[in-house]
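S.K.: Position chain B against the provided structure of chain A, taking the given hints into account.
Residue-level listing of the chains:
There are 2 protein chains.
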Amino acid sequence: MIPFRFGKLGQDGAARHGIVHTARGQIRTPAFMPVGTAATVKAMLPASVASTGADIVLGNTYHLMLRPGAERIAGLGGLHRFMDWQKPILTDSGGFQVMSLSKLRKLSEDGVKFRSHIDGSEHFLSPERAMEIQRLLGSDIQMVLDECPAFPATEAEIEKSLALSMRWAARSKAAFGMQPERACFGIVQGGIYPHLRARSAEELQRIGFDGYAVGGLAVGEGQERMFDTLDATVPHLPTDRPRYLMGVGKPSDIVGAVLRGIDMFDCVLPTRSGRNGQAFTGRGAVNLRNARFADDPEPLDSACSCPACIGYSRAYLHHVVKAGEIIASMLLTWHNLQFFQDLMAGLRVAIAAGEVQAFARNFAARQGAEKDAAESVDPSPSAS
Amino acid sequence: MIPFRFGKLGQDGAARHGIVHTARGQIRTPAFMPVGTAATVKAMLPASVASTGADIVLGNTYHLMLRPGAERIAGLGGLHRFMDWQKPILTDSGGFQVMSLSKLRKLSEDGVKFRSHIDGSEHFLSPERAMEIQRLLGSDIQMVLDECPAFPATEAEIEKSLALSMRWAARSKAAFGMQPERACFGIVQGGIYPHLRARSAEELQRIGFDGYAVGGLAVGEGQERMFDTLDATVPHLPTDRPRYLMGVGKPSDIVGAVLRGIDMFDCVLPTRSGRNGQAFTGRGAVNLRNARFADDPEPLDSACSCPACIGYSRAYLHHVVKAGEIIASMLLTWHNLQFFQDLMAGLRVAIAAGEVQAFARNFAARQGAEKDAAESVDPSPSAS
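Order-wise, the sequence lines are chains A and B. Residues 232 to 615, numbered by my numbering, are exactly what the first sequence covers, in order. Residues 232 to 615, numbered by my numbering, are exactly what the second sequence covers, in order.
Looking at chain A on its own, in the form it has when it is part of the complex:
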């Protein structure tokens, strides 16, 4: 059995690269985790996800507890076997989706009562139940249950919410107990208020976690305030544990966050925008629905090695997007995941070479060359 451990391999400014060792394999950081909400990374077979370079995927506790149910998945041998993904899985706690998707929520000190968005059935999620579900799923990295305040919120609201989240973090950790082959991550909250972020980071470290996530960002505050908040938060996190920015994000968000010392990311942007006909390329994002592609014989991105770029013209991709064909979702999702993984690989190499600033400058400069729609997609965190 391989205990969970983060090994830092190098640093360039605040940016780090390393390896997260887990019982189910290694995660190269900085890492992007495709979102596999309902036990599938939408429109992808697991082998294809792995072929893009993904070392880990994210599963959503909220969706899986409602359908097909955590006990059912446990009875079938756990989430890895259920969805045929043998590499690491990180699961969220369900808290964010309860706030964003479910109906008729009732929050108490004990937990949150809510109705399923699928069938209206009533459910209850507490820190203890969130950890139990993640253990039933067999998750390799389990997240504490926290409260996710809406944006914007007053400082007083954030402070009150944060206090509850820190009490829930302690209960989550106690419920997680001792599972050396698995990890439990705390989540820093505190909105855009530096002193609350610092307090949250310190309180979590007193509890003690295997990794530290930054939550409550990418909810509408904008990139500048997100980066400001990271600048105010990351210095309060330990250097020997992985740092995970939840629900982020656009390629430029990821590059900026890596420069600020973040190691892990997840976002629905590549998968969801792929299903909407949008593609990320080295020259910027494009919308394949655009009529200018109807006769374009060129590949989507000549620098890309994915099946969409190797096998097809932009004209074909335009055609299948317009015709609503499933292969459009399959090819563009694959391409976007490949693009995100190639970006992470590029960042890792650049950090190792001490050239991450130049990499970030070049990446940003090239992104302007071909741009229309996809950067405007709203990457609602953690639910594909």
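Quick caveat, the hints were computed from the structure, so don't treat them as lab data. One thing to keep in mind: the hints can contain errors.
Since the list gives no way to pick out one identical chain from another, each pair is judged satisfied if it fits inside one copy or across any two copies.
Using 27 Å as the maximum straight-line C-alpha spacing, the simulated BS3-like pairs for lysine-lysine come out as follows [stated by the list, open to error]:
1) Lys334 <-> Lys553
2) Lys344 <-> Lys553
3) Lys318 <-> Lys553
4) Lys334 <-> Lys239
5) Lys337 <-> Lys404
6) Lys337 <-> Lys391
7) Lys553 <-> Lys481
8) Lys334 <-> Lys344
9) Lys404 <-> Lys481
10) Lys318 <-> Lys239
On a predicted model such as this, the values are computed, not experimentally measured, just so you know.
M.R.: Here is chain B on its own, set in the frame of chain A:
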């Protein structure tokens, strides 16, 4: 350049097995052609289609002429390059879909005027234009334009329609001209009337075709009358050319038609029913939506080597079907295409061994073991 040629390898009763040689590769017969309506076999990548054992796919002239357009595909290098499928492609003439899908049709001796079901635009299809479109697409096997009468129809209606189809067949062949690296197939019509089928088969042979299709079946006449019609038709077809039963069908239809001397088939049944949660297995058809599969840890079909059967439980397939996940369409389409190709491979081996009657009996006996819904799916011909 390899000229089109049919090489018969063996015969067992009326059943034959052989190889159709084309410029783009060999087609092992009896052959099942997955339907790739709009330049994609729905929910499949071309490499996956090939991996099931498919030697040829079918493309729909009607759909492709409307979107993205035959001239556009020609400008992009032809249909093979457009859809990244380098093996043979058979295209229909568009006639069947004009009758079944388009609006405001007006039939004349010259051809048929119709409005697109996509955008209402007006189009005209004549025997000459149907052949021109198929040449623009780069089709390896091109079908004559025929008129497809509705079922039921009176003998007088069928006779009148047949006469027009035979005049159109002669014009189609003249328009096809000399293309030794490609094939032109005639289509036997005549409804369920043996003497009209015989007349049609003989008239087509006077024109002379590279292969002979049987059209106008699987339109509601039932399996018994379909088989009766084949019994009355096939003996009038030449033995040295491939015989293609259009739009058929259910596994039991295919087995029965092979026993009667048919070499080629196409049908939307495996792809369409896969997208509807239905799967074919050696023990019969099942509907994965059924609640009895919710906790079933067994593979869909333990005799199958497709990704759905290798990687997943019936419980997982039930879950993704219920959740409306794209992977459900991907996995069940793949499985169903694998099942159909395995059936064809089994038939070829059985014919070669002189055991096709025993194969057919065993296949039918095993199909009863697990049965609920999929055999009742209506396999509307030639449009996935």
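S.K.: So, for every hint listed, does it hold in this structure?
M.R.: How the hints compare with the structure:
Proximity of Lys334 and Lys553 under a CA criterion of 27 Å is satisfied inter-copy only: 21 Å between copies versus 34 Å inside one chain copy. With identical chains, the CA atoms of Lys344 and Lys553 are at most 27 Å apart between copies only, with a shortest distance of 25 Å across copies and 42 Å within one. Proximity of Lys318 to Lys553 under the C-alpha cut-off of 27 Å is restricted to the inter-copy arrangement: shortest distance 25 Å between copies versus 35 Å within a copy. With identical chains, the CA atoms of Lys334 and Lys239 are never at most 27 Å apart, being 42 Å at best within one copy and 66 Å at best between copies.
Proximity of Lys337 and Lys404 under a CA criterion of 27 Å is satisfied intra-copy only: 23 Å inside one chain copy versus 73 Å between copies. Taking the shortest Cα distances, Lys337 and Lys391 sit within 27 Å of each other inside one copy (16 Å), while across copies they are farther apart (72 Å). Taking the shortest alpha-carbon separations for Lys553 and Lys481, only the intra-copy value of 25 Å comes in at or below 27 Å, while the best inter-copy value is 31 Å. When the C-alpha separation of Lys334 and Lys344 is checked against a cutoff of 27 Å, the pair qualifies only within one copy, where the shortest distance is 10 Å, while the shortest distance between copies is 53 Å.
Taking identical chains as interchangeable, the C-alpha atoms of Lys404 and Lys481 are never at most 27 Å apart, the minima being 31 Å within one chain and 56 Å between chains. In this homomeric assembly, Lys318 and Lys239 come within 27 Å of each other (Cα to Cα) only inside a single copy, at 20 Å, whereas the closest approach across copies is 49 Å.
This entry does not satisfy hints 4 and 9, going by the numbered hints stated previously.
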